[in-house]
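Each chain, letter by letter, is given below.
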Amino acid sequence: MTGFEQLVRRCAGLNADELARWVENRWVLPEREGEGVLFREVDVARVELILEIRRDYAIDEEAMALVLGLLDQVYSLRRQMRRLCDALEMQPPEVREAIREALPPRVGGEPG
Amino acid sequence: MAQSPYEVLGVKPDASADTIRKAYRKLAKQLHPDLNPGKPEAEARFKSVTAAYDLLSDPEKKTRYDRGEIDESGAERPRYSYRPHAEGAEGWKYTPEGEMDVGDLDDILSMFGRGGGSRRPGGQTFQMPGGDRLFSLIIDFVEGATGGKKRLQLSPDESLDVTIPPGIEDGQVLRLKGKGSPGFGGGPPGDALIEVHVAPHPFFRRDGDDIRVELPVSLAEAVLGARVPVPTVTGPVTMTIPTGSDTGTQLRLRGKGIHRRRGGRTIEGDQYVTLKVVIGSPDDPDLANFLENWSKRNATDPRATLQGSTAS
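As you go down the protein sequences, you meet chains A and B in turn. Residues 5 to 116 in this note's numbering are what the first sequence spells out, letter by letter. Residues 8 to 319 in this note's numbering are what the second sequence spells out, letter by letter.
Warning: the hint list may mix true and false statements.
[Said to hold, decoys possible] Simulated DEER-style distance windows between Cβ atoms:
no., chain 1, residue 1, chain 2, residue 2, range
1, A, E101, B, G193, 19 to 27 Å
2, A, E101, B, D214, 28 to 36 Å
3, B, G262, A, A102, 54 to 62 Å
4, A, A69, B, A96, 19 to 27 Å
5, B, S80, A, R82, 29 to 37 Å
6, B, P40, A, V78, 50 to 58 Å
7, A, R82, B, D214, 14 to 22 Å
8, A, R59, B, G178, 21 to 29 Å
9, B, T241, A, R104, 43 to 51 Å
10, B, P40, A, G38, 38 to 46 Å
11, A, A69, B, P66, 17 to 25 Å
12, A, V71, B, S166, 48 to 56 Å
13, A, E9, B, E67, 24 to 32 Å
14, B, S166, A, V78, 37 to 45 Å
[As the list claims (entries may be wrong)] Covered by chain B, according to a simulated footprint, are these stretches of chain A (three or more residues, beta-carbon under 8 Å):
no., region
15, 5–17
16, 38–44
17, 77–89
Bear in mind the hints are in silico, worked out from the structure with no lab data behind them. As the structure is a prediction and not an experimental result, all values here were calculated from the model. Cβ atoms here follow ideal geometry from the backbone N, Cα and C, with glycine treated the same way.
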């Protein structure tokens, strides 16, 4: 868990106003802790990701909202996909085989 | 938490190299151990000032520090990759709004607008459209030109009647609605997708909506004219070869090409017939005899058009 000031110090190129704005925009969701906030590892990684995207791709804040929205959708899908895959793994072989056969071919695949 | 090297030297993060050097010199003079004997905190600060200046005076290290790649002691910083966090249990709180309810299978399936596998509290039942099935079908040239019905045998007890539209192109895909895999839970069936391959023809050729064919004619037919049978995609027709024709003469049979419906109208292509004179019996002594006399009086050069275009 990392405090607000600590995170600002830790991340070169991040200032307190920006971080406060990102929290307000709900780009980063730290936990409330008394008067202040605490960042979990996922939040710290996300702050570093935002900084990296901004620096490496020169993305401004409006475009960042779009980028984050899309990223969140992708990761949401990947988490759900992972849950489904985990559930599939636990099925007996015949169930997995039946699912494999029921998978519709991808368009553009071999004629079947 | 350690101070950043900028804080240690008391300069702003965007300070110039010159400002950094001046700040370092000032502090180093103040804190030098020889000038501060018996003051351990001054010695400790002197060390950290020196370390900070070591880092900030080296352009490469400074850049790496500014990018967050190394920490204030110059050690590699662990890279916090976002992906393992985002895909882990912690990532759920960044699920986009409106997708927050991620409880059971129904919620996963509903991401694609398909409802759940069992009756939901809302009363909808899970339905899923069936998948598409892909087939390929080879037809001959004339079938492709005129269109028609074709039966596709899928298995010994399942067949599909496919209507081929006139003028279908090679590789065109026909979609038969509802002839794919059955749906799930009362969902609609998928479609059958049929990729049609049109085999080439020994003498017909497609040219858009027109058909082209090369027609052999005898020397007599070309010179004297004749009425000869010509194959078309809808059967043979009789065509007049005009008197004085030659190899390469092109004749048009109007409306004998591909008839295609487009936008409620029928578009009629033509058939183009290109004549090719064949002598037939070149070893005929009468013909040889005749030509010997005839060519003496009619000296023509059939290769006149080749002159000048190549080096002789």
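Hint check results:
1. A/E101 <-> B/G193: 19 to 27 Å: 25 Å, holds
2. A/E101 <-> B/D214: 28 to 36 Å: 51 Å, violated
3. B/G262 <-> A/A102: 54 to 62 Å: Holds - the Cβ-Cβ distance for B/G262 and A/A102, about 56 Å, lies within 54 to 62 Å.
4. A/A69 <-> B/A96: 19 to 27 Å: 25 Å, holds
5. B/S80 <-> A/R82: 29 to 37 Å: With a Cβ separation near 36 Å, B/S80 and A/R82 satisfy 29 to 37 Å, so the hint holds.
6. B/P40 <-> A/V78: 50 to 58 Å: 56 Å, holds
7. A/R82 <-> B/D214: 14 to 22 Å: Because 51 Å falls outside the window, the suggested range is violated.
8. A/R59 <-> B/G178: 21 to 29 Å: 48 Å, violated
9. B/T241 <-> A/R104: 43 to 51 Å: Given a distance of about 49 Å, which is inside 43 to 51 Å, the answer is holds.
10. B/P40 <-> A/G38: 38 to 46 Å: Once the Cβ atoms are compared, 42 Å apart, the range 38 to 46 Å for A/G38 and B/P40 holds.
11. A/A69 <-> B/P66: 17 to 25 Å: 35 Å, violated
12. A/V71 <-> B/S166: 48 to 56 Å: Given a distance of about 52 Å, which is inside 48 to 56 Å, the answer is holds.
13. A/E9 <-> B/E67: 24 to 32 Å: The hinted range 24 to 32 Å holds for A/E9 and B/E67, with Cβ atoms some 29 Å apart.
14. B/S166 <-> A/V78: 37 to 45 Å: Given a distance of about 44 Å, which is inside 37 to 45 Å, the answer is holds.
15. 5–17: holds (count 6)
16. 38–44: violated (count 1)
17. 77–89: holds (count 10)
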